[in-house]
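Undergrad: Can you build the whole structure from these sequences, using the hints too?
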Amino acid sequence: KQEVTQIPAALSVPEGENLVLNCSFTDSAIYNLQWFRQDPGKGLTSLLLIQSSQREQTSGRLNASLDKSSGRSTLYIAASQPGDSATYLCAVGRNRDDKIIFGKGTRLHILP
Amino acid sequence: GAVVSQHPSWVICKSGTSVKIECRSLDFQATTMFWYRQFPKQSLMLMATSNEGSKATYEQGVEKDKFLINHASLTLSTLTVTSAHPEDSSFYICSARGAGAYYYEQYFGPGTRLTVT
Chain A
1 KQEVTQIPAA LSVPEGENLV LNCSFTDSAI YNLQWFRQDP GKGLTSLLLI QSSQREQTSG
61 RLNASLDKSS GRSTLYIAAS QPGDSATYLC AVGRNRDDKI IFGKGTRLHI LP
Chain U
1 GAVVSQHPSW VICKSGTSVK IECRSLDFQA TTMFWYRQFP KQSLMLMATS NEGSKATYEQ
61 GVEKDKFLIN HASLTLSTLT VTSAHPEDSS FYICSARGAG AYYYEQYFGP GTRLTVT
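Chains as they are written, first to last, in the working numbering: chain A, 1 to 112; chain U, 1 to 117.
Read the hints as simulated data drawn from the structure, not as lab findings. A quick note: this is a predicted structure, and the numbers were derived from the prediction, not measured. Where is the CB? At the ideal position from N, CA and C, for every residue including glycine. Check before you lean on any hint, since a few could be wrong.
[To be verified] Here are some of the chain U residues that sit facing chain A, going by a computed Cβ distance under 7 angstroms: (1) Leu46; (2) Phe108; (3) Gly111.
TA: Dropping the structure here:
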């Protein structure tokens, strides 16, 4: 059974700092891994999608890496801003027709 | 592209009544739709998967007679919570997947906040 763990559960950093969010999964037989952002009371915003054959994806100040063999992914946020404050969810898919398994998220607070 | 909407965005209903939530894919045809539930400070849990024109497949522990899912068209799926109780209060999120370029990920709606009093 696939389990997705995100550490830390919560994180507060001063504005401008670079930071890393961690995601680990127990079954390395994944199809893809996705990072989402969720603002309080809102739905999900897809940030980055990494296919199993890829090692990383970048979008603006965000960079996500994937190491399937070790069951880990990281989301790197450069030059953090108060607007980055949100919950970040990691999710893995086993194959194209299977469900997505979500982690519990990391609540990020960027201090102005 | 790949926009999914939900209606309503929030709803309050009395215990014992039923409530319907709609999920629409606005700019692509959704061959598969997924319904998730999220309790406060918890992650999303898949409730059921539905393919257009077929019966939904429910996850273990989800009562199919209580959470009725209809996916009658390629752009609309509905979730009806029947005889709602306060413990059904939650954030319900749908996602959709299509064909071609829309096959490789699920596109999520904005969610519906259900409060049962």
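Undergrad: Give me the numbers of the hints this structure contradicts, sorted from smallest to largest.
TA: none
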